[in-house]
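Asker: Got chain A sorted already, so can you dock chain B onto it with the hints?
Here's the letter readout for the chains.
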Amino acid sequence: MSTIAADVKDHTHDDHGPAKGYRRWLFATNHKDIGTMYLIFSFVMFLIGGLMALVIRSELAIPGLQFVHPEFFNQMTTMHALIMVFGAVMPAFVGLANWMIPMMIGAPDMALPRMNNWSFWILPVAFGILLSTLFMPGGAPASGWTMYPPLVLQTGDAFPFLIFSVHLMGISSIMGAINIIVTIMNMRTPEMSLLRMPIFVWTWLITAYLLIAVMPVLAGAVTMLLTDQFFGTSFFLAAGGGDPVMFQHIFWFFGHPEVYIMILPAFGVVSEIIPTFARKPLFGRDSMIYAASCIAFLSFIVWAHHMFTVGMPLSGQLFFMFATMLIAIPTGVKVFNWVATMWRGAMTFETPMLFALAFVFLFTIGGFSGLMLAITPADIQYHDSYFVVAHFHYVLVPGSIFAIMAGAYYWLPKWTGFMYNEALGKLHFWLSTIFVNLTFFPMHFLGLAGMPRRIPDYATQFADFNFIASIGAFGFGLSQLIFIWVLLTAKRGVPATDAVWDDPEGLEWTVPSPAPFHTFDTPPKLPAPKFG
Amino acid sequence: MTGIADMAGKKTSIRRTALILLAVALLIYLTFIITAVLRS
Numbered sequence: 001m002s003t004i005a006a007d008v009k010d011h012t013h014d015d016h017g018p019a020k021g022y023r024r025w026l027f028a029t030n031h032k033d034i035g036t037m038y039l040i041f042s043f044v045m046f047l048i049g050g051l052m053a054l055v056i057r058s059e060l061a062i063p064g065l066q067f068v069h070p071e072f073f074n075q076m077t078t079m080h081a082l083i084m085v086f087g088a089v090m091p092a093f094v095g096l097a098n099w100m101i102p103m104m105i106g107a108p109d110m111a112l113p114r115m116n117n118w119s120f121w122i123l124p125v126a127f128g129i130l131l132s133t134l135f136m137p138g139g140a141p142a143s144g145w146t147m148y149p150p151l152v153l154q155t156g157d158a159f160p161f162l163i164f165s166v167h168l169m170g171i172s173s174i175m176g177a178i179n180i181i182v183t184i185m186n187m188r189t190p191e192m193s194l195l196r197m198p199i200f201v202w203t204w205l206i207t208a209y210l211l212i213a214v215m216p217v218l219a220g221a222v223t224m225l226l227t228d229q230f231f232g233t234s235f236f237l238a239a240g241g242g243d244p245v246m247f248q249h250i251f252w253f254f255g256h257p258e259v260y261i262m263i264l265p266a267f268g269v270v271s272e273i274i275p276t277f278a279r280k281p282l283f284g285r286d287s288m289i290y291a292a293s294c295i296a297f298l299s300f301i302v303w304a305h306h307m308f309t310v311g312m313p314l315s316g317q318l319f320f321m322f323a324t325m326l327i328a329i330p331t332g333v334k335v336f337n338w339v340a341t342m343w344r345g346a347m348t349f350e351t352p353m354l355f356a357l358a359f360v361f362l363f364t365i366g367g368f369s370g371l372m373l374a375i376t377p378a379d380i381q382y383h384d385s386y387f388v389v390a391h392f393h394y395v396l397v398p399g400s401i402f403a404i405m406a407g408a409y410y411w412l413p414k415w416t417g418f419m420y421n422e423a424l425g426k427l428h429f430w431l432s433t434i435f436v437n438l439t440f441f442p443m444h445f446l447g448l449a450g451m452p453r454r455i456p457d458y459a460t461q462f463a464d465f466n467f468i469a470s471i472g473a474f475g476f477g478l479s480q481l482i483f484i485w486v487l488l489t490a491k492r493g494v495p496a497t498d499a500v501w502d503d504p505e506g507l508e509w510t511v512p513s514p515a516p517f518h519t520f521d522t523p524p525k526l527p528a529p530k531f532g
Numbered sequence: 001m002t003g004i005a006d007m008a009g010k011k012t013s014i015r016r017t018a019l020i021l022l023a024v025a026l027l028i029y030l031t032f033i034i035t036a037v038l039r040s
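Residue numbers (the working numbering), protein chains in the order written: chain A, 1 to 532; chain B, 1 to 40.
For reference, chain A alone in the conformation it holds in the complex (with noise of 0.2 Å):
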């Protein structure tokens, strides 16, 4: 289970181009096609769910009840969270990870094609069963992406299609894990050892594994409410003799790794970026490997940092704090080292490298608030205040989401064989820039101020740096804008070159630009370490 064959025979896939018309993209088996279904299906739930955000921020943006009934701002929460989660960043990712790791380990596609085409086509059937709760009696489930029963038993119609909804997620996902750990392990070109992959198909490695771990844990867990609900068990009922706890129990052993699914391949495009552009090694290249190794160990032991306030022993709150803190270390590690590598680098500033820059400093922002709340008595104060908000939307939005965007612009060339446009590519980064710190920067202080999450109005008190935080969502709202115009008008630019950039280090650019249909036809040789 290490390399690809040398030996190709039968080769019958050079001699054929993709299907026409709707053939090619409903039976899609190309890891490129694929791969653009999912970045395509992920950006158009990013601009729901951001539409979702802005009824959120429309409602707050002044105090009193405005536009929505409360009743309707919970199913704008919960779906907006559910949406941007399953939606939008793990589907982006999913679509990257397509795209590229075939490319980058000499691989002539996925493992596994027919799976990959069932992995994707799940996807718009499971979100348009959670779409269309919006439009259900008692409308769609309010109770908060967790899900946290009993509230979540009170779902009117929606409930059934909520959990079917969400199994669906992770048989997609599950089955996207298999095929990208089988392909790295089994298809990569023969002189390519596993430590010398790029970092982003090892941090994509890794998050596979974490996938499969823990995407059935919330299958679990969604399966017991549903039986709970309707087939008569008590799992988390306490009248019947369960326990509610138990059930956050579960969810955030799921959800806490979930969190480092969102990052950890997040790390693996900044890593490559940074290089590339600082024209100098990725410094402590193992590191990076091992340290994103210890942080998804780490991600397994420290889920009741999520639920300090329901109680447990002072061993477990001593536990559960000291655990969450040791992670600090090799994110701190990965930090670092991207720091170190553009120490004395002959930078170069083009979007790809502005997003990721943003990124090194935005999601540090969001991991020392996460670091705060790791503090059992400090967390008992802040616990479901604005600022667990501030600090998630930190590490997702202007992390995760702005690593997204730096690999989409740095990938771009290769997939359309054009070069963007660079002025409205950095107007992009920097419009989004401001406004995302416009938005979720003042929302630390109206949680250290005491105002709680999930709520439609709010004491005056507040109400200043709500104004603030929802004049910059519609801001980044429109910001992206500029994003859809930059990608309609991605074949205008002039041609790109096979590498693209200056000097980049992978078998992805030594192929052409756009990547021809079937990219390697034999395993190819791996060019020599430009750096040593």
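Since the hints were made in silico from the structure, they are not lab data. None of the values given here were measured: they were computed from a predicted structure. Among these hints, one or two may not hold up.
Here are some of the chain B residues that sit facing chain A, going by a computed Cβ distance under 8 Å [what the hints assert, rightly or not]:
no., residue
1, Ile14
2, Thr17
3, Leu22
4, Tyr29
Using N, Cα and C, we set each Cβ at its ideal position, and we do this for glycine too.
Answerer: Here is chain B on its own, set in the frame of chain A:
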């Protein structure tokens, strides 16, 4: 038509790896439910 797995000359290994990973996922799913059943 020759499949990707045939091209790689790794059909058996690819199938075995995929099935092992699928079995692990199913095992984790069932373990959590069975543990909860036994606990309740």
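Asker: For every hint, state whether the structure bears it out.
Answerer: Hints, verified against the model:
Evaluation of the Ile14 of chain B hint against chain A yields a held restraint, the C-beta minimum of about 5 Å falling below 8 Å. Proximity of Thr17 of chain B to chain A holds as hinted, the smallest CB-CB distance being about 5 Å (cut-off 8 Å). Given hint, Leu22 of chain B at the interface with chain A, holds; its Cβ is 6 Å from that chain's nearest Cβ, closer than 8 Å. For Tyr29 of chain B, the interface hint holds, since its Cβ comes within 8 Å of a Cβ in chain A; the closest pair sits about 4 Å apart.
The structure fails none of the hints (numbered hints given earlier).
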